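Q: Please construct the entire structure, taking both the sequences and the accompanying hints into account.
2 protein chains.
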Amino acid sequence: MKKAIAVLGGPTENWPPNLKEKLVKAKNSGIMIASSDRGSLFLLELGIIPDLAMGDFDSLRDFELGQIEKSVADIRYAPPAKDETDSELLLLTLFEDYQIEQVDLYGATGGRLDHFFVNIFTFLNPPLAKYNDRIRIIDQQNLILFLKPRMNSLFPILSYSYLGLANLTPVKNLNIIGAKYPLKSFNTTVPHMFSSNEFIGQNKIEVSFDKGEVIAIYSCDKDRFSNIAK
Amino acid sequence: MKKAIAVLGGPTENWPPNLKEKLVKAKNSGIMIASSDRGSLFLLELGIIPDLAMGDFDSLRDFELGQIEKSVADIRYAPPAKDETDSELLLLTLFEDYQIEQVDLYGATGGRLDHFFVNIFTFLNPPLAKYNDRIRIIDQQNLILFLKPRMNSLFPILSYSYLGLANLTPVKNLNIIGAKYPLKSFNTTVPHMFSSNEFIGQNKIEVSFDKGEVIAIYSCDKDRFSNIAK
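If you read the protein sequences in the order shown, they are chains A and B. For the first sequence, the working numbering gives the first residue as 13, with consecutive numbering after it. For the second sequence, the working numbering gives the first residue as 13, with consecutive numbering after it.
Wrong hints could be hidden among the right ones.
Same chains, same label: a pair holds when it works inside one copy or across any pair of copies.
Unchecked claim - Derived BS3-like pairs (lysine-lysine); straight-line CA-CA distance at most 25 Å: (1) K94 x K142; (2) K37 x K14; (3) K184 x K142; (4) K82 x K34; (5) K32 x K234; (6) K142 x K223; (7) K94 x K196; (8) K196 x K160; (9) K94 x K192; (10) K94 x K37; (11) K82 x K142; (12) K196 x K184; (13) K234 x K15.
Since the hints were derived computationally from the structure, they do not count as laboratory data. Please read all numbers here as calculations on a predicted model, not as lab measurements.
A: What follows is the structure, encoded as structure tokens:
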């Protein structure tokens, strides 16, 4: 599977503590690294050169932009006035030009909540909606997946204690099977979050629905995550 | 107008830097202070006694629970197994038992995103939906309002540079009038966020729609907010 890591401009305090390590490992194993907005700057500060950078690079100082232009293989200068955000263009480039099949997305949460909602809702709207099953949005305490209608099998992920499920649009016949708190044939026209569900041992949880947009949120309490990250 | 401040259990790093000051001022001017979950503990740590506390108080040590029981005027012990969250019960108590007309809600963002979505979506569902125009969700960089169908007049708020507008359900005939980026007769069945809009000087922005759930997010960049808070 062709994988990439993408770093957006959200606050670095929301990054998982092991992100630098993960980026170095990715770089060494040929996994593509991409960035937009201030994400490019954050990578430079870590000493990591992205393979693809998208943006108007407004926030960079001249020598930083110079460094990007000298070292980044693929730089795309997004026009300042456009319909898509830099992040949207970055992801579209990953999916369409590079045929990436799984993107771990960092820097998409925290800070300004209008930015956060853009980063979630962009995956419900064209042109990215059709690729949303290739995305994992990851921050310090959460991992978000977009599910597809019909059947989804979710497996426990180490270091996440909880599984939340939410419909972001009207949903028909939502079922949660095999979880600590099962759900049967739930229908609603209004967004609803089923939080703090749990896996039973190592068993999978199956989530099915006929129609609508549903996300899964793996999450952990902060203390627990800190312990594991040590 | 009868006002209250409610503090939920979300991470205190997301609080605005002036919250303690605001709580002390509220206490002195007779504005009600309420808390749920770890919010009660956070208030105690600031030396502030809430007027109403809701929860199972699991996270408190014995002497802390003792302190709450001795000093808080109205303690409600939420049953551990129930349909509503502690925060939902807290707000319902404020609206129905205390007839509060405006609640500033802190500790509703950050940390676990399943908790965050619960704290947003709870205001789209019964029993709280009918009170959602009395709520302001506030954190370090954001202030969220729930709008009502037909006409809403929004005014600039000092220290927030941007106004974002999002439909959280299908929406009909959404209009944004008087803003830097106006919008006319927008219809969609999918959630969409219009971010980074701006007031023009001190002029109001009018937001109208025929049907659906729309939120407004006042936001600021972190540096700017820090400067103002100094």
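Q: Taking the hints in turn, state whether each one holds.
A: Going down the list of hints, with the structure as the test:
Proximity of K94 to K142 under the C-alpha cut-off of 25 Å is restricted to the intra-copy arrangement: shortest distance 21 Å within a copy versus 38 Å between copies. Taking CA atoms no more than 25 Å apart as the test, K37 paired with K14 passes inside one copy only; the shortest distance there is 15 Å, against 56 Å between copies. In this homomeric assembly, K184 and K142 come within 25 Å of each other (Cα to Cα) both inside a single copy, at 20 Å, and across copies, at 24 Å. Proximity of K82 to K34 under the C-alpha cut-off of 25 Å is restricted to the intra-copy arrangement: shortest distance 24 Å within a copy versus 50 Å between copies.
Taking the shortest Cα distances, K32 and K234 sit within 25 Å of each other both inside one copy (19 Å) and across copies (23 Å). Proximity of K142 to K223 under the C-alpha cut-off of 25 Å is restricted to the intra-copy arrangement: shortest distance 15 Å within a copy versus 27 Å between copies. Proximity of K94 and K196 under a CA criterion of 25 Å is satisfied inter-copy only: 18 Å between copies versus 43 Å inside one chain copy. In this assembly of identical chains, the alpha carbons of K196 and K160 lie at most 25 Å apart only when taken from the same copy (17 Å versus 32 Å across copies).
Taking CA atoms no more than 25 Å apart as the test, K94 paired with K192 passes between copies only; the shortest distance there is 15 Å, against 46 Å inside one copy. Proximity of K94 to K37 under the C-alpha cut-off of 25 Å is found in neither arrangement, the shortest distances being 35 Å within a copy and 45 Å between copies. Proximity of K82 and K142 under a CA criterion of 25 Å is satisfied in neither setting, with 34 Å inside one chain copy and 57 Å between copies. Taking CA atoms no more than 25 Å apart as the test, K196 paired with K184 passes inside one copy only; the shortest distance there is 11 Å, against 31 Å between copies.
When the C-alpha separation of K234 and K15 is checked against a cutoff of 25 Å, the pair qualifies neither within a copy, at 27 Å, nor between copies, at 32 Å.
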